[in-house]
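*Asks:* Sequence:
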Amino acid sequence: MRVFDRIEASTIERRDWQLWLLALAVILVLSGGVALLMYPAVFSEPLTMTGSTLHRVFFAFCLLCFLLVGYLLDRHVLIRRLRRQLAEELQRRVDLLEQASADLLESLPGLDHFRDRLAMEIRRASTVRQPVSLLIVALKTSPEVEMAGGAATAFGDAAKAIIRKLRREDSIYIFRRGVFGMVLPGVSTADAGSVSSRLEASLTEVSGVDNRYSSEIRLFNFPEHAETAHEMEKLAVFCFPDPWPGPETVGSEAEKSSHPVQVKGHEASGV
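Its first residue numbered 43, the sequence shown is counted upward by one per residue in our numbering.
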């Protein structure tokens, strides 16, 4: 029985049609069998009812069987039409989510803006003697998500999760497909580690039970790991060097916005 109980998403429509055919066949067989069994009794010598009455009962029963089959067919057509409409609406919703995710990724500033912001923050930190932390998040989608074409949605959801965990003064950038950088001014290594832990938990939650993507987070701090913006950038480059984008390879997705995205919200206020 386990063989027949196995249902896959790709065979649901076929199995549904088979069950409908089975139900209609059973109804036709039973009603036809009852009609055949009734026929001799109806058209032979009646015992308690007149012949015309039995004839009317017999034809009414046959008509009822045909009406029942017709009603089931009509319901089946209606259900299939409603299911098709629901599927189209679901696909339209998925398309909207994908478009929203693509728009979000395109709105994120890219590598050039990251370099400018990092240099500015480190100059400011050097003046006031405060730390600056840098988080690099790399995402890799699962083969199932890649085959289904849902990578943009997965990356967009991850970007939203990252933004929710940052402060107002923090900024997020996209370096290449699936690689994001966050500049955290005034954040020490210990506090940045706490932010990284919360960020990892949020990304895991957004990934879902299907594990749409895996994530890896790297942490660097000025002046603990680097003393200049150039050194900090080199450390970030060595994280995920294959391939690290230059200004010409970042693409339009990361370069359409002319200003860094200032993250609203205070979920990382403990930093």
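Simulated from the structure, these hints should not be mistaken for lab results. Be a bit skeptical, because a hint or two may be false.
DMTMM-like, lysine to aspartate or glutamate: derived pairs with alpha carbons at most 25 angstroms apart [claimed, not checked]:
| id | residue 1 | residue 2 |
| --- | --- | --- |
| 1 | LYS202 | ASP233 |
| 2 | LYS276 | ASP154 |
| 3 | LYS202 | GLU247 |
| 4 | LYS182 | ASP154 |
| 5 | LYS276 | ASP145 |
| 6 | LYS182 | GLU148 |
| 7 | LYS182 | ASP145 |
| 8 | LYS202 | ASP154 |
Pair ranges (Cβ atoms, derived) [to be verified]:
| id | residue 1 | residue 2 | range |
| --- | --- | --- | --- |
| 9 | GLN127 | VAL251 | 43 to 51 angstroms |
| 10 | ARG56 | ASP137 | 38 to 46 angstroms |
| 11 | GLU186 | LEU70 | 21 to 29 angstroms |
A quick note: this is a predicted structure, and the numbers were derived from the prediction, not measured. Glycine residues also receive a C-beta, built at the ideal position from the N, C-alpha and C atoms.
*Asks:* Which of the numbered hints are not met once you compare them with the structure shown?
*Replies:* Hints 5, 9, 10 and 11 are the ones this structure does not satisfy, whereas the remaining hints hold.
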